[in-house]
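Let the sequences and hints guide you as you build the complete structure.
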Amino acid sequence: MNAVLRYDNLSAFYGVSQILHGLSFDVPAASVTCLLGLNGMGKTTTLRATMGLVDRTEGRITLNGREVTGPTFRRAQMGVTLVPEDRKVFANLTVEENLEVARRPTGSGQDFTIAEAVEIFPRLGERMGQKAGTMSGGEQQMLVVARAMLANPAYMMLDEPTEGLSPSYVGAIAQSIEEARKRGIGVILVEQSIPLALSVGDAFHIVENGQISRSYTRDEALADREGLERMLTVE
Amino acid sequence: MTGATLSERRTRSRGGLIGLAIVALAGIVLPFASAGQPFLLMLASHALIAAILALSLDMLTGNTGLLSFGHAAWFGFGSYVAGLLSKSASSDIVVLSLLTLAATVLVAGVIGAVLVRQIGKTFAILTLALSQIMFAIVFVFSDITGGEDGLQGIPMATFLGMQIVSPTTWYAILLVALLLALAGALHLRRSPLGRAWLAIRENGERARFIGMNVNKLKLMSYVISAGLASLAGVLFVLFNGATSPDLLHWLESGKVLMYVVLGGVGTIFGPVIGAVVFTLAEHYVSTFTDAWLIYFGALFVLIVIVAPGGLFGGAARIAERLSARKSGRRTAQ
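Line by line, the protein sequences give chains A and B. Residues 1 to 235 (UniProt numbering) make up the first sequence, in order. Residues 1 to 333 (UniProt numbering) make up the second sequence, in order.
It should be emphasised that the hints constitute simulated quantities derived from the structure, not laboratory data. Even glycine gets a Cβ: it sits at the ideal position worked out from N, Cα and C. Check before you lean on any hint, since a few could be wrong.
[To be verified] Straight-line Cα separation of at most 25 Å, BS3-like style, residue types lysine-lysine; simulated pairs:
no.	chain 1	residue 1	chain 2	residue 2
1	B	Lys121	A	Lys88
2	A	Lys131	A	Lys88
3	A	Lys88	B	Lys216
4	B	Lys216	B	Lys121
[What the hints assert, rightly or not] Example chain A residues on the side facing chain B (calculated, C-beta under 10 Å, incomplete):
no.	residue
5	Tyr14
6	Phe25
7	Thr72
8	Ala76
9	Thr81
10	Leu82
11	Val101
12	Gly109
13	Ala151
Have a look at this one:
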């Protein structure tokens, strides 16, 4: 069986309000799946539900057939990790300590190393001894992505990683997503920026009212770029 | 870049060694300086015990950010367990330390497992409740514990069959104990476990995202901290020849917290300095005035406002700024 992170009829609730209404999609390994849609439609909730951060869920999330369940750290140990939108670094630890602490060796010999992280994000290399909290927002975003990759996840979820970043940083983020795919990591990308999504994405799902309203392959998305953009604009 | 980091790491570990050497040197010089003044040596011995106790709280609050208002619970627990065991089992200081440590790990493990699930204020309040419960237990079982009179008549401690009599020997034992505790704390800080603790202190949720079992790691910190506090209790009861419920009182817990905040939370050396300064100052100031706590209260407030990093944190910040200026000049050249 091919490695896959599968959302099977997932519903999620905060208190009594239902945010996700039976969402189903697959994320194959070594691919980038983009969740697109207007704000408040359930994209972030999908990611949070994967980490066990909503009050209640129905339906199933499975990783290679095993149900993703239990406390957050256990899900992370199973191989799913989340880089949330607020990009919080361990502010009083140095950049190097932030990376060291995240390392979760798999013993496969294929582990992502700090040196490789520095290759993708040279800026981090220059800042190794600096307290992470004193870096710019873009640098901190690089650090949280690098930190997530050092945990050697099977699946990495990025919530609007380029929001508010300058174009040079956006390039580095795109490169890290490519690198993750090359290493067999499945990526779920929640993104407002259509250009970035189109440059890295393999599959595109429009999330609307807690459901997948439409899905595109890469070719379909490239062919109907305008339609896609229209769908993501508030009329 | 890697070179810079490595050299920086070496500097930091050298900083730890230098700190240890300074503490050791100051500790060794004191008995000579205090020759002919036995009281001074005793005061210094109490300061050393206070320093170990302060370091134990820093192992919790400084590492994981968990605030304990009842840390004296484990200080008192250690003193009572060791005191009772010394009357029935053995008077050997090592045997008593190991037995008490085992008892503490067991009890603190169970209690800690409940406590670390609580966050912030709830945790702090529960630690306060714990120390008051232990305080009450002493009175409930006063036929064993001596109640308000405390546990008296502790047999003289032995080490390898020899009685520990001389105050200088006691002082040496306490100094070695503090140095070992400091070395252990420094080692832990640099270990992966220490880094993980700091990550939790910074942001527990992100630590979970990268797969850390936050509750388990917090529990380890709690048990290690309680264990060291109980060892301070063992040393206290054997050195002092008696223990009393005062050790468990929240006032004692407040004092320990003051040592740590005064010295600098999470700085390892800071709380040790805080404890020594506080213990000495407490003695000397209280000979001038009965209202010494007012002055300490004012000092405490001043430090929290002016130097939130405490004495050590403030000094480190000044040193950092100076060395940054120096290295800045070096790069400029």
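Hints versus structure:
The straight-line distance between the Cα atoms of Lys121 (chain B) and Lys88 (chain A) is roughly 23 Å, inside the 25 Å bound, and the hint therefore holds. Restraint check for Lys131 (chain A) and Lys88 (chain A): the C-alpha separation of about 13 Å stays at or below 25 Å, so the hint holds. Between Lys88 (chain A) and Lys216 (chain B), the direct Cα distance comes to roughly 22 Å. Compliance with the 25 Å bound is thereby established for this hinted pair. This hinted pair checks out: Lys216 (chain B) and Lys121 (chain B) have alpha carbons roughly 19 Å apart, not beyond 25 Å.
With its C-beta approaching chain B no nearer than about 16 Å, Tyr14 (chain A) sits outside the 10 Å limit, and its interface hint is violated. The beta carbon of Phe25 (chain A) is not positioned within 10 Å of any beta carbon in chain B (closest approach about 22 Å), and the interface hint is therefore violated. Using the Cβ-Cβ criterion of 10 Å, the hint placing Thr72 (chain A) at the interface with chain B is satisfied: the shortest such distance is roughly 4 Å. For Ala76 (chain A), the shortest C-beta to C-beta distance to chain B is roughly 4 Å, which falls under 10 Å, so the interface hint holds.
For the restraint placing Thr81 (chain A) at the interface with chain B, the shortest Cβ-Cβ distance is roughly 6 Å, inside the 10 Å limit, so the hint holds. Among the interface hints, the one on Leu82 (chain A) holds; its C-beta lies about 5 Å from the nearest C-beta in chain B, closer than the 10 Å criterion. Residue-level restraint check for Val101 (chain A) holds (minimum Cβ-Cβ distance to chain B is 4 Å; threshold 10 Å). Interface hint at Gly109 (chain A): violated, since its Cβ lies 20 Å from the closest Cβ of chain B, which is beyond the 10 Å cut-off.
For Ala151 (chain A), the shortest C-beta to C-beta distance to chain B is roughly 5 Å, which falls under 10 Å, so the interface hint holds.
Violated hints, in rising order: 5, 6 and 12; the structure is consistent with all others.
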